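Engineer: So the protein lines, in turn, are chains E and P.
Residues 0 to 86 in numbering that gives the first Met the number 0 are what the first sequence lists, from first letter to last.
Residues 0 to 86 in numbering that gives the first Met the number 0 are what the second sequence lists, from first letter to last.
I should point out that these hints are in silico values taken from the structure, not numbers from a laboratory.
Computed from a predicted structure; not experimentally measured.
Among the clues, some could well be false.
No copy labels: a pair is met if it fits in one copy or bridges any two.
[As the list claims (entries may be wrong)] Restricting the straight-line Cα-Cα distance to at most 20 angstroms, the calculated cross-link-like pairs of lysine to aspartate or glutamate (EDC-like) are:
1) K45 to D78
2) K10 to D37
3) K10 to D78
4) K28 to D57
5) K19 to E68
6) K10 to E68
7) K10 to E54
8) K28 to E54
9) K19 to D78
10) K28 to E65
11) K45 to D15
12) K45 to E85
13) K45 to D57
14) K45 to E11
15) K10 to D57
16) K28 to E11
There are 2 protein chains.
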Amino acid sequence: MPKIIVEVMPKEVLLDPAGKSVMNALHRKGHSASKKSDITAVRIGKRIELHFDREITDKDLADAREIGESFLSNGVIEDVVKISSEN
Amino acid sequence: MPKIIVEVMPKEVLLDPAGKSVMNALHRKGHSASKKSDITAVRIGKRIELHFDREITDKDLADAREIGESFLSNGVIEDVVKISSEN
Numbered sequence: 000m001p002k003i004i005v006e007v008m009p010k011e012v013l014l015d016p017a018g019k020s021v022m023n024a025l026h027r028k029g030h031s032a033s034k035k036s037d038i039t040a041v042r043i044g045k046r047i048e049l050h051f052d053r054e055i056t057d058k059d060l061a062d063a064r065e066i067g068e069s070f071l072s073n074g075v076i077e078d079v080v081k082i083s084s085e086n
Numbered sequence: 000m001p002k003i004i005v006e007v008m009p010k011e012v013l014l015d016p017a018g019k020s021v022m023n024a025l026h027r028k029g030h031s032a033s034k035k036s037d038i039t040a041v042r043i044g045k046r047i048e049l050h051f052d053r054e055i056t057d058k059d060l061a062d063a064r065e066i067g068e069s070f071l072s073n074g075v076i077e078d079v080v081k082i083s084s085e086n
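I would like the entire structure built from these sequences, with the hints used as guidance.
Structural biologist: Next comes the structure, spelled out in structure tokens:
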């Protein structure tokens, strides 16, 4: 199914307490996957899929960016980092 | 900064009430971006960035998949849909 994927992350200047907690837990658990200590930060954002019942056009991508910036994210604390499409 | 991006979505067979609400709101608002009615579904997942202070190796990607599946997502209701890296 054609879809547009809008990716939203907390702004880099802001703390991300949930991400910080995940990083601490990863380090604490010493997960079997090695070298968690090489992970210096974890940040958690959103991945929003817009599903279409037809082919996706360039206009849809532009519309998705507008929707992403005005509706799916909070511009005060979040950035739309990527808009992509998938068939 | 090198990072691995882990993308997690609710399983396709499950309802996504938050996504459904967003879709309804998009249709209701008749956002200036046209043809929202072509959007047949909205689904909301997570985008988790793991930041590294060094180059990312294939092993890191494999580790990230394991961390994603065992730690960053709930396998009962979510799928890890993509693991990618960015420099």
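Engineer: Compare the structure with each hint and give your call.
Structural biologist: Do the hints match the structure? See the list:
In the homo-oligomer, the alpha carbons of K45 and D78 lie at most 20 angstroms apart both inside one protomer (10 angstroms) and across protomers (14 angstroms), since each shortest distance falls under that limit. In the homo-oligomer, the alpha carbons of K10 and D37 never lie at most 20 angstroms apart, since the shortest distance is 22 angstroms inside one protomer and 30 angstroms across protomers. With identical chains, the CA atoms of K10 and D78 are at most 20 angstroms apart within one copy only, with a shortest distance of 6 angstroms there and 25 angstroms across copies. For the identical chains of this complex, K28 and D57 are neighbours neither inside a copy (45 angstroms) nor across copies (22 angstroms), given an alpha-carbon limit of 20 angstroms.
In this homomeric assembly, K19 and E68 come within 20 angstroms of each other (Cα to Cα) only across copies, at 19 angstroms, whereas the closest approach inside a single copy is 25 angstroms. In this assembly of identical chains, K10 and E68 lie within 20 angstroms of each other by CA distance solely inside one copy; the values are 13 angstroms within and 26 angstroms between copies. Proximity of K10 and E54 under a CA criterion of 20 angstroms is satisfied in neither setting, with 32 angstroms inside one chain copy and 23 angstroms between copies. For the identical chains of this complex, K28 and E54 are neighbours neither inside a copy (45 angstroms) nor across copies (23 angstroms), given an alpha-carbon limit of 20 angstroms.
Proximity of K19 to D78 under the C-alpha cut-off of 20 angstroms is restricted to the intra-copy arrangement: shortest distance 19 angstroms within a copy versus 22 angstroms between copies. In this assembly of identical chains, K28 and E65 lie within 20 angstroms of each other by CA distance solely across copies; the values are 14 angstroms between and 41 angstroms within a copy. Within a single copy, K45 and D15 get their C-alpha atoms as close as 13 angstroms, and across copies as close as 14 angstroms, so both meet the 20 angstroms cut-off. For the identical chains of this complex, K45 and E85 are neighbours both inside a copy (17 angstroms) and across copies (17 angstroms), given an alpha-carbon limit of 20 angstroms.
Taking the closest pair of Cα atoms, K45 and D57 never come within 20 angstroms of each other, the shortest separation being 23 angstroms inside a single copy and 25 angstroms across copies. Both within a single protomer and between protomers do K45 and E11 lie at most 20 angstroms apart by alpha-carbon distance, with minima of 14 angstroms and 17 angstroms respectively. Taking identical chains as interchangeable, the C-alpha atoms of K10 and D57 are never at most 20 angstroms apart, the minima being 26 angstroms within one chain and 28 angstroms between chains. For a Cα distance limit of 20 angstroms, the shortest separation of K28 from E11 qualifies neither inside one copy, at 26 angstroms, nor across copies, at 30 angstroms.
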